[in-house]
Amino acid sequence: MDCPEIISGIKKKLPGFNAISVLRDYPDEICIKVDPKVFKDACLVLHKLLHSPVLMLFALDERIKLNKFEIKCVFVNVKEGQWVIVSMDIPQENPCFDSLAKSIHSATLFEREIWEMFGIEPKGNPDLRRLNLHDEVWPQGNYPLRKDFNKISGLAAGEYKFGKVEGEGVFEVPVGPVHAGIIGPGHFRFSVAGEPIINLEIRLGFTHRGVEKLFEGRSYPEAIKLSECVSGDSSFAHSLAFTQALEKIFGTSVPTKTAIFRAIFLELERMYNHVNDIGGIAVDVGFGFPAAYASIIKEAILQLNEKLTASRYLKNVNTIGRVLTEIDEVKKRMLLESLERVKYDFNELVKILNSSVSFMDRVDTAGVLRRKTAEDLGVVGLAGRASGIPTDLRRYFPGAYKEAKFKIVMQESGDALARLKVRIFEFKESCRLIEEFTRNSAGSQNVNIHKELRQGSALGYAEGWRGPVLYWIQTDSAGLIERCKIVDPSFHNWQGLSYAVLGNIIPDFPLCNKSFDLSYSGNDL
Amino acid sequence: MVTRHIETDLSIKIESAGNELRSSIHKKFGRSLHIREIDTGSCGACESEIISANNPIYDLQRFGINFVASPRHADCLLVTGPASKNMLIALKKTYEAMPEPKFVITCGDCALNGGIFKDSYYVEGAVKEIVPVVLHIPGCPPNPLVIMRTLLSFLQKGEVR
Numbered sequence: 001m002d003c004p005e006i007i008s009g010i011k012k013k014l015p016g017f018n019a020i021s022v023l024r025d026y027p028d029e030i031c032i033k034v035d036p037k038v039f040k041d042a043c044l045v046l047h048k049l050l051h052s053p054v055l056m057l058f059a060l061d062e063r064i065k066l067n068k069f070e071i072k073c074v075f076v077n078v079k080e081g082q083w084v085i086v087s088m089d090i091p092q093e094n095p096c097f098d099s100l101a102k103s104i105h106s107a108t109l110f111e112r113e114i115w116e117m118f119g120i121e122p123k124g125n126p127d128l129r130r131l132n133l134h135d136e137v138w139p140q141g142n143y144p145l146r147k148d149f150n151k152i153s154g155l156a157a158g159e160y161k162f163g164k165v166e167g168e169g170v171f172e173v174p175v176g177p178v179h180a181g182i183i184g185p186g187h188f189r190f191s192v193a194g195e196p197i198i199n200l201e202i203r204l205g206f207t208h209r210g211v212e213k214l215f216e217g218r219s220y221p222e223a224i225k226l227s228e229c230v231s232g233d234s235s236f237a238h239s240l241a242f243t244q245a246l247e248k249i250f251g252t253s254v255p256t257k258t259a260i261f262r263a264i265f266l267e268l269e270r271m272y273n274h275v276n277d278i279g280g281i282a283v284d285v286g287f288g289f290p291a292a293y294a295s296i297i298k299e300a301i302l303q304l305n306e307k308l309t310a311s312r313y314l315k316n317v318n319t320i321g322r323v324l325t326e327i328d329e330v331k332k333r334m335l336l337e338s339l340e341r342v343k344y345d346f347n348e349l350v351k352i353l354n355s356s357v358s359f360m361d362r363v364d365t366a367g368v369l370r371r372k373t374a375e376d377l378g379v380v381g382l383a384g385r386a387s388g389i390p391t392d393l394r395r396y397f398p399g400a401y402k403e404a405k406f407k408i409v410m411q412e413s414g415d416a417l418a419r420l421k422v423r424i425f426e427f428k429e430s431c432r433l434i435e436e437f438t439r440n441s442a443g444s445q446n447v448n449i450h451k452e453l454r455q456g457s458a459l460g461y462a463e464g465w466r467g468p469v470l471y472w473i474q475t476d477s478a479g480l481i482e483r484c485k486i487v488d489p490s491f492h493n494w495q496g497l498s499y500a501v502l503g504n505i506i507p508d509f510p511l512c513n514k515s516f517d518l519s520y521s522g523n524d525l
Numbered sequence: 526m527v528t529r530h531i532e533t534d535l536s537i538k539i540e541s542a543g544n545e546l547r548s549s550i551h552k553k554f555g556r557s558l559h560i561r562e563i564d565t566g567s568c569g570a571c572e573s574e575i576i577s578a579n580n581p582i583y584d585l586q587r588f589g590i591n592f593v594a595s596p597r598h599a600d601c602l603l604v605t606g607p608a609s610k611n612m613l614i615a616l617k618k619t620y621e622a623m624p625e626p627k628f629v630i631t632c633g634d635c636a637l638n639g640g641i642f643k644d645s646y647y648v649e650g651a652v653k654e655i656v657p658v659v660l661h662i663p664g665c666p667p668n669p670l671v672i673m674r675t676l677l678s679f680l681q682k683g684e685v686r
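Residue numbers (our numbering), protein chains in the order written: chain C, 1 to 525; chain D, 526 to 686.
Since the hints were made in silico from the structure, they are not lab data. Even glycine gets a Cβ: it sits at the ideal position worked out from N, Cα and C. Hints may be right or wrong, so weigh each one.
Said to hold, decoys possible - Okay, the calculated bits of chain C under chain D, using three or more residues with CB under 8 Å as the criterion:
1. 126-140
2. 196-208
3. 294-303
4. 444-450
5. 475-482
Said to hold, decoys possible - Quick list of the computed label-pair ranges, beta carbon to beta carbon:
6. 644/D - 93/C: 40 to 46 Å
7. 64/C - 535/D: 53 to 59 Å
8. 103/C - 594/D: 39 to 45 Å
9. 5/C - 594/D: 54 to 60 Å
10. 613/D - 172/C: 23 to 29 Å
11. 626/D - 172/C: 33 to 39 Å
12. 478/C - 621/D: 45 to 51 Å
Could you build the full structure based on these sequences and the hints that come with them?
This is the structure in structure tokens:
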């Protein structure tokens, strides 16, 4: 479905539909502006037509220059390798819009975020509880992402109301925000009858730092640094998505060599996190030996990262138009040697896990997330692939991955074992990809980077190890950030966890949680 | 398998740092130091490095340092993150739940003064304004060897009751 095809696709379901404008500033984006009266229906049609969940739904405060708010909704058209962005203007006198939540579940959390950050009411959304601005500390009526927000007024008073399950023998188990391990803070409210979990409500936001507001007004070097601190274990994926958005706006093209370096680093990040999670899953079922084994492999990859880029977490590597540390012949040899050792040890690790019947018994059928549930919730990335959804940006926006013949890794059962298997096969695939990438020795990075610091907006994206990291950026005429909307894959996937644990016993919760291993800070921003 | 992935000089550094740390902990706390970790808004990198400090290569546990599940079992509170407003109550309660003698160590640039988040509308910044902090481990994130060495030089100076 090409540009006019999408419009005719919408017209078939909505006779009389007309877009106010259709823009194609970049080959991978189509921006459709519509009247607020048809926004909800147009989004619903696109959601069904493209089989895409709502990947981003956010607001912009344009009242200073244009006397309006704007709302944008992003879908992905995987057939064409294109992002479809639908937008509408909201009058400043009456900040509200028709909620999409009842028809498209994946819009729900985004609408709550628009409400708490901008004060634009999603009319008809059954749940208006605030996500990140906790009632106990932040008074109502203060909307921080509005441009005229300065300081808070009023007193905070309030309590977050959890859903209640009533019945004989049903009791509530609250866990968090501080957890027993070394991990981020989050609150889990279980309703249990005996051991099996009847309901789990997850309340996050404890690591909210107001990141999106901090981006505003920054120039790109400081902003790239900030993007690396949104979610520490995905700092490369975040800085990559951010940098690519700016490269689109500034008109910077990137040679194959740079794309290949970036792909190598992205896969290294994927590898150390996958082996970390495999170890974590073993810890959470009390199987210490492979957990220790896995942690050594993770350390080996972090040290490899440091030898390649001077940073264990691949920080300070991306910038506009290039990567700051190249992989020359010496580094390439060292990389390939380390990979051989890592691959050998990883295979040993998998053998240990496979040979333990009691371990396999724990992970098999634990924490099942069914495909239909995952699709409705908009679950993306690793958790989606483990439930049978072919969601992977490396397949639909291949870039450097095309020549390396990237193969998507999927499972069908959606349980902890499936998520474990996806990690195992992806680790091996990442090793293979890195070897393919290093074989390509043609070309070089650009020495003179063309970039025009100008006004514009674009969507940057990268398939991080948990899933797609999306950055929508708007710049002013000096090239400074005016609005930065970040969606980490964890934002979608936490909901998946709350459904996956149903019916499982509470002692299996750490296992289920670790099998997802979602980011608290990436979710909360 | 352990030694295959690390080089000799790093191995020597870890051993020497670790042995001195062990005797310091022995003197001050009679063989062990129990730490409770709390994340007040960190990006997760500090947590990842603290967990790495417990892997077989650095292995803080063999020198007497244990991470415990409850503040009730802890001698020391290790705080990461720029103190997001949503975590203030939890931070104070966790500190109050620890029995005496107790002390607080901050880990990572964010916990010192908010780091890169210090001007945010939602961040308190310096953890030392909320609970009394006796030591700071610098870095973004501090690597496991830095964590071990900073703990060591602090314990050697004998600033803890």
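Residue 5/C paired with residue 594/D, Cβ distance criterion 54 to 60 Å: The hinted range 54 to 60 Å holds for residue 5/C and residue 594/D, with Cβ atoms some 57 Å apart.
Status of the given 45 to 51 Å range, CB of residue 621/D versus CB of residue 478/C: At 48 Å between Cβs, range holds.
Annotated coverage of the segment 126-140 of chain C by chain D, confirmed only when three residues or more have a Cβ within 8 Å: holds (count 6)
Stated coverage of the segment 444-450 of chain C by chain D [criterion: 3+ residues, CB within 8 Å]: That given contact is violated, which follows from only 0 residues of the segment 444-450 of chain C lying within Cβ reach (below 8 Å) of chain D.
Proximity test - 8 Å, beta-carbon atoms, the segment 475-482 of chain C to chain D, at least three hits: violated (count 0)
Cβ separation of residue 103/C and residue 594/D, checked against the hinted range 39 to 45 Å: Taking Cβ atoms as reference, residue 103/C and residue 594/D lie about 44 Å apart, which means the hint holds.
Status of the given 40 to 46 Å range, CB of residue 93/C versus CB of residue 644/D: Distance hint for residue 644/D, residue 93/C is violated at roughly 32 Å.
Chain D covers the segment 294-303 of chain C, three or more CB atoms within 8 Å, holds or violated: holds (count 8)
Status of the given 33 to 39 Å range, CB of residue 172/C versus CB of residue 626/D: Hint holds: Cβ distance 35 Å, inside 33 to 39 Å.
Hint check for residue 172/C and residue 613/D - Cβ pair distance inside 23 to 29 Å: Between residue 613/D and residue 172/C, where Cβ atoms are some 24 Å apart, the hint holds.
Annotated coverage of the segment 196-208 of chain C by chain D, confirmed only when three residues or more have a Cβ within 8 Å: That given contact holds, which follows from 4 residues of the segment 196-208 of chain C lying within Cβ reach (below 8 Å) of chain D.
53 to 59 Å as the expected CB spacing between residue 535/D and residue 64/C, which holds or is violated: holds, 54 Å
In summary, the structure is inconsistent with hints 4, 5 and 6 from the numbered list given earlier, while agreeing with the others.
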